[in-house]
Amino acid sequence: MFAICGIAFSKGNPKYLTNGIDKSGFLCGIENTLNGTKADLRGMNYLYYLDPFELLNPTNLPYAKTVCVKSCPSLQQECMLSALPCTNSSQYMCPYYGASKMNASLSYAQPFGTDYFGALNTTTNSNCTSGIDPTFDKYKDNFVSNTTGAQFCGQLAQLTSQFPSKGPCYAVWAQTVPWFNRCVPLLPADVRSKLISSAAASSGSKAYSGISSGFNTNSARLKRYIADIGKAKWLIIIAGLVGGLVLSCVWMLILRMFAGLLVWLTVFASNLLFIACCIFCYSKAGLMASHGGEVGKAIAASLSQVGESDPSESDRKVWAIVAYMMTALTVLLFLFTLVMIKRLKIAIACLKVAAQAISTMPSILFFPILPFLFEVGLVFYWIYVTGYLYSSGTITQTMRSTSSSSSSQYDVLSIMQLLGLTTASTSAPPPPPPPPPAAAKVLTDAQCADDPDCKFDLTWDKSLQYMFIYHFFGLLWTNQFIVGFGYVCIAGAIAQFYWTRGESSRMPRLPVVAAMKNTTLYHLGSIALGSFIIAIIQFIRAMLEYLDHHLKETGGENKLIKYLMCCAKCCMWYVEKIMKFINKNAYILVAVKGTGYCTSAGRAITLIVGNALRVAAVSIVGDALIWLGKISVAAGCGLIAFLISDMKVYTDPVNHSSTYLSSPLLPVLLAVIIGYVIASLFFSVYEYAISTILLCFCEDCESHNGSAQYAPPLLMAALGESQKHMDRKKGKVEVAPRATNVSASAYMYT
Numbered sequence: 001m002f003a004i005c006g007i008a009f010s011k012g013n014p015k016y017l018t019n020g021i022d023k024s025g026f027l028c029g030i031e032n033t034l035n036g037t038k039a040d041l042r043g044m045n046y047l048y049y050l051d052p053f054e055l056l057n058p059t060n061l062p063y064a065k066t067v068c069v070k071s072c073p074s075l076q077q078e079c080m081l082s083a084l085p086c087t088n089s090s091q092y093m094c095p096y097y098g099a100s101k102m103n104a105s106l107s108y109a110q111p112f113g114t115d116y117f118g119a120l121n122t123t124t125n126s127n128c129t130s131g132i133d134p135t136f137d138k139y140k141d142n143f144v145s146n147t148t149g150a151q152f153c154g155q156l157a158q159l160t161s162q163f164p165s166k167g168p169c170y171a172v173w174a175q176t177v178p179w180f181n182r183c184v185p186l187l188p189a190d191v192r193s194k195l196i197s198s199a200a201a202s203s204g205s206k207a208y209s210g211i212s213s214g215f216n217t218n219s220a221r222l223k224r225y226i227a228d229i230g231k232a233k234w235l236i237i238i239a240g241l242v243g244g245l246v247l248s249c250v251w252m253l254i255l256r257m258f259a260g261l262l263v264w265l266t267v268f269a270s271n272l273l274f275i276a277c278c279i280f281c282y283s284k285a286g287l288m289a290s291h292g293g294e295v296g297k298a299i300a301a302s303l304s305q306v307g308e309s310d311p312s313e314s315d316r317k318v319w320a321i322v323a324y325m326m327t328a329l330t331v332l333l334f335l336f337t338l339v340m341i342k343r344l345k346i347a348i349a350c351l352k353v354a355a356q357a358i359s360t361m362p363s364i365l366f367f368p369i370l371p372f373l374f375e376v377g378l379v380f381y382w383i384y385v386t387g388y389l390y391s392s393g394t395i396t397q398t399m400r401s402t403s404s405s406s407s408s409q410y411d412v413l414s415i416m417q418l419l420g421l422t423t424a425s426t427s428a429p430p431p432p433p434p435p436p437p438a439a440a441k442v443l444t445d446a447q448c449a450d451d452p453d454c455k456f457d458l459t460w461d462k463s464l465q466y467m468f469i470y471h472f473f474g475l476l477w478t479n480q481f482i483v484g485f486g487y488v489c490i491a492g493a494i495a496q497f498y499w500t501r502g503e504s505s506r507m508p509r510l511p512v513v514a515a516m517k518n519t520t521l522y523h524l525g526s527i528a529l530g531s532f533i534i535a536i537i538q539f540i541r542a543m544l545e546y547l548d549h550h551l552k553e554t555g556g557e558n559k560l561i562k563y564l565m566c567c568a569k570c571c572m573w574y575v576e577k578i579m580k581f582i583n584k585n586a587y588i589l590v591a592v593k594g595t596g597y598c599t600s601a602g603r604a605i606t607l608i609v610g611n612a613l614r615v616a617a618v619s620i621v622g623d624a625l626i627w628l629g630k631i632s633v634a635a636g637c638g639l640i641a642f643l644i645s646d647m648k649v650y651t652d653p654v655n656h657s658s659t660y661l662s663s664p665l666l667p668v669l670l671a672v673i674i675g676y677v678i679a680s681l682f683f684s685v686y687e688y689a690i691s692t693i694l695l696c697f698c699e700d701c702e703s704h705n706g707s708a709q710y711a712p713p714l715l716m717a718a719l720g721e722s723q724k725h726m727d728r729k730k731g732k733v734e735v736a737p738r739a740t741n742v743s744a745s746a747y748m749y750t
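Residue numbers (our numbering): 1 to 750.
To be clear, the hints were calculated from the coordinates, so they are not data collected in a lab. Do not rely on the hints blindly, as some may be mistaken.
Straight-line Cα separation of at most 25 angstroms, DSS-like style, residue types lysine-lysine; simulated pairs [as the list claims (entries may be wrong)]:
#1 Lys-38 - Lys-11
#2 Lys-15 - Lys-70
#3 Lys-15 - Lys-352
#4 Lys-38 - Lys-70
#5 Lys-552 - Lys-569
#6 Lys-101 - Lys-38
#7 Lys-569 - Lys-517
#8 Lys-15 - Lys-462
#9 Lys-580 - Lys-569
#10 Lys-166 - Lys-65
#11 Lys-593 - Lys-580
#12 Lys-562 - Lys-552
#13 Lys-580 - Lys-559
#14 Lys-65 - Lys-15
#15 Lys-559 - Lys-569
#16 Lys-552 - Lys-462
#17 Lys-11 - Lys-580
#18 Lys-648 - Lys-233
#19 Lys-101 - Lys-65
#20 Lys-233 - Lys-15
#21 Lys-166 - Lys-101
#22 Lys-352 - Lys-317
Between beta-carbon pairs, the in silico distance windows are [said to hold, decoys possible]:
#23 Ala-542 - Asp-115: 22 to 32 angstroms
#24 Leu-370 - Phe-539: 19 to 29 angstroms
#25 Gly-596 - Thr-33: 48 to 58 angstroms
#26 Ala-269 - Val-246: 18 to 28 angstroms
#27 Cys-598 - Ala-276: 44 to 54 angstroms
#28 Gly-36 - Lys-559: 31 to 41 angstroms
#29 Ala-542 - Asp-450: 42 to 52 angstroms
#30 Tyr-522 - Arg-42: 47 to 57 angstroms
#31 Gly-36 - Lys-462: 20 to 30 angstroms
#32 Tyr-522 - Tyr-574: 24 to 34 angstroms
#33 Lys-462 - Lys-648: 39 to 49 angstroms
The beta carbon of each residue, even a glycine, is placed where N, CA and C say it ideally should be.
The whole structure should be built from the sequences, with the hints applied where relevant.
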């Protein structure tokens, strides 16, 4: 992964994801070098469309005349129809002076300047047509006072700049707003009304939607979503990182203090909810009033205020069927609750013993901060490198096809008539159609900048994009390795509590530090192997999702392929769940016995099969509470992220363009994912404490002919073992000496 990072940093530039490429092939906001030509555009971060009327045809969007500017033209710079002719220099934007036809002929010295409209009348060029096109008659007196020479050419250039596409400069016909470092034109109401009311209204309305779709292609949308992550970094930090940290601590405190209460409340609430649903269904079916006596009539009367009180006969029959089904389910749930009462006691006992273990080593509550910091570093590192990988490439020329070129032109004369710049009686010959580009047409950079069918675009480096596959796998593997490291450390510390019968005086002085030391020195290989297996499974699932999405996009309707894809995805989901369960218990035995991953996994499977009912009861109830906590924390992070994303700093494109989000979807989703990951890290303390206590008990029984020798009294009572039997056996067991910095497995054979 570090090798990929070095290559990506040497070839990539994340500004390709956020900044635009102008008509000359330069990236806005940086110091460029394109084919030997240097352009210092630092500070000029915004891409401006010189002729907004080109955008009426969405196919022109990538080929439009553009320049990089320091700021987008404001409302004060707009050339209003009511104020024609516009003579203020600030109401015009020009192509780069160094690349224009006026280069070296004006008293102007900025090669990448775009504000030289006022200097056009200083041109030394006297080679221009002496006559004035009839199109310009209406405003010639406002600009032209000479009839010959260089002054005439300069004044004529100012006059022609008044009209769309004539140049050399372009009037600011619309206020613009910064949108992802693009100056998007907002045509004024009077211009829009004239365009829409014209004969080209239908094509114009399609054009507006086309422009929107042009900005929202899959590639452009992906670029904006990736850019949103950088803009919303504080949203992600506050909602995902800080919110997940605080909410996880709150839930862990609640779980520690009210474990039993939470379990019983959940059970009672589930039964009461099913009973309430039954009553509601019977009321809707009309059976409460006819068969429920006075109490039934009262309940039916109160429920009638919630919904309709007199459903039709057919609806009553449906509600009656639903009521009978709910009754059967309620009875089954009640019977299941009675059967599970003993198992619930076991689960509660494991939670309490886990809480006892944690109370003897309070520092273990802060241990998840270490893997948490590793996770944060991994996420930021991965996103940062991904931005460089995705932005690796070179700027090259791209030619438009002949058919697209012929359909992309717009009628300049019609636009001028609509704007009132010329009269309808003016009959100017239409411009000749552009010659079709040759199949292998090669242009210089300057020629491409002037050609309406040529554009500069970023050609992605495919080899680096393929590296993203390994980069993604590295994310999965490293993430699972961090999680596995935390699991083994926690299991090692909790196991010390079990094998010393919960006597803190016989435990190492710093049990968490001792567990971390043993894990680092002896168990990293086992963690790497276990995390590698899970990462492979997750990678296969991701590839299946990608293939499924690609098939749907390409319109694949083969039912057999859909069925096989669904089966494959379902099977891999089950495989991942099974392997994660095996991994979890294998890591516990790695920490407890010090054996390798494969040996520990085999032993864990043997213990689980031999104690299936105990493991199932504790796992189901304990994992349910932990899962509920994870979902609650993730939902809380999502809610906080949504509230923050609704602030003006993220929704105002005019005043907060640098933090304006195209969509809060990805930042909020990332905050939810980070919150869930953080909750998983923190709740792993209780989750692994419960599993470690139970698996240590099973190993204790297997190692001592079915009788546990080291289990805490609370766990022995909950699991149905006789306290007298434990006391009788206790006298035959050699008391383990106080441990220092040894693994938990030492206690098993003392």
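Structure versus earlier hints, numbers of those that do not hold, lowest first: Numbers 3, 7, 13, 17, 22, 23 and 28, in rising order.
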